[in-house]
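J.: Residue numbers (my numbering), protein chains in the order written: chain A, 1 to 273; chain B, 274 to 430.
Just so you know, nobody snuck in bad clues.
BS3-like mimics (lysine-lysine), calculated; alpha carbons at most 27 angstroms apart, straight line: (1) K324(B) x K429(B); (2) K244(A) x K403(B); (3) K299(B) x K403(B); (4) K112(A) x K173(A); (5) K173(A) x K403(B); (6) K324(B) x K299(B); (7) K307(B) x K429(B); (8) K376(B) x K307(B); (9) K307(B) x K324(B); (10) K199(A) x K376(B); (11) K175(A) x K199(A); (12) K244(A) x K137(A); (13) K220(A) x K324(B); (14) K376(B) x K175(A); (15) K137(A) x K403(B); (16) K112(A) x K84(A); (17) K115(A) x K175(A); (18) K220(A) x K403(B); (19) K324(B) x K199(A); (20) K137(A) x K112(A); (21) K376(B) x K299(B); (22) K115(A) x K173(A); (23) K175(A) x K112(A); (24) K175(A) x K403(B); (25) K15(A) x K199(A); (26) K199(A) x K429(B).
Derived from the structure by calculation, the hints contain no laboratory data.
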Amino acid sequence: LALAGVAFADPVDDKLVIEAEDETIELVTTAPAPAFLQETLDTIYSGWHYREDETRDLERDDFDNPGMVYVDRGLDLWNSAIGKGGESCAGCHEGPESMAGLRAVTPRVDEKTGKLMTVENYIDACVTERMGLESWKWTGDEMKDMLALISMQSRGMAVNVAIDGAAAPFWEKGKEIYYTRFGQLEMSCANCHEDNQGKMIRADHLSQGQINGFPTYRLKDAGILSAQQRFVGCVRDTRAETFKPNSDEFKALELYVASRGNGLSVEGVSVRH
Amino acid sequence: MTRQPCLAAAVALSLAAPALAETAPKEVHFDAGKVADSLTGVPGDPANGVKVMTTNALGNCVACHTIAALPEVQFPGTIAPALDGAADRWTEAELRGIVSNAKMTFEGSFMPAFYKTEGYIRPGDGFTGKAPEGELPPILTAQQVEDVVAYLLTLKE
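Isolated chain A (complex conformation) (with noise of 0.2 angstroms):
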């Protein structure tokens, strides 16, 4: 019995092949930990290998991905023409495609303004300064239909965030909250996904964390998830205040968050349970 424990507490050692539409996508979801780690961490895993035998299915066809409406429905906001001007994302940035490589690099500094930017920051600066309107809501569906759109166009790409020179300070503050023990419970991120990531917490398998996977489509939630979503869901599992999503905590954790991933595939949307 205790053998068998341990065995499931390991990742799953399982290869993620993507049947798409017109091609066939091989993901990378494990990958030596970046510099910075490797004195707490041989390798990262995607989260994708601590789900169940179903949950990973569902990831290796498009036509089985439940994410893959949102993308969709982002794709038909992208070419409606929805600014006041009649603007569309379309007029001005042709196809998606356009999109390819951002999520992968993101959240990033912005050379002009200096402020860190998740992709979420970049469509909020065109919906509000090019196109007249108010904000989407920051986890509402509009922004995360956008978001699981753009997301896809850096699927396959390896996560690649820098996190020096303008990065630095930023994930110097996410490292910061990712160790700090917060809530009645008193843990942190590392305590959860670093110290105890194979072991089992009640009947949920700790992953490492990782973001790479993001946005996700959660099939308890049935719906999408944006990274800092999850956040805001960990650290309320802490019995603490959570911080909001945009907030400058949550954009700096998700910078640090994402670095523990440099290596690993964006995944586009993936499925997690």
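Since the structure of chain A is provided, determine the placement of chain B on it from the hints.
T.: Positioned in the frame of chain A, the structure of chain B alone reads:
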């Protein structure tokens, strides 16, 4: 019929008001991790201890610990040592100390402190994600701690 609501209110009151002899979280005396005196002076109820240990919003000990003596608990966690035989390894005072604040016994432990109200970073109002409005209650009441200790004391091998 008019008397019933009064009775219910009286019962609720007696449940909410701490017993006179109860030791407040800030007053618990730890001696090298051990807490010698009962927090309430009322003997613990092991059956209620089991309930506290297996209820998510209370102790949720089984999120991390397995207990072979409780085979009906589905999917216990594998993070912490199995609790079977705890009473052979620890005295009552040691167990009371571990449940009240495990960090006094195991430095930097991952195990939460169940009878403590201060020293937290951004504590929330339970699992709401919001800041607490009034004073923060401990995760378990003094009597719940005693009930858990009473159950742990039955775990002999």
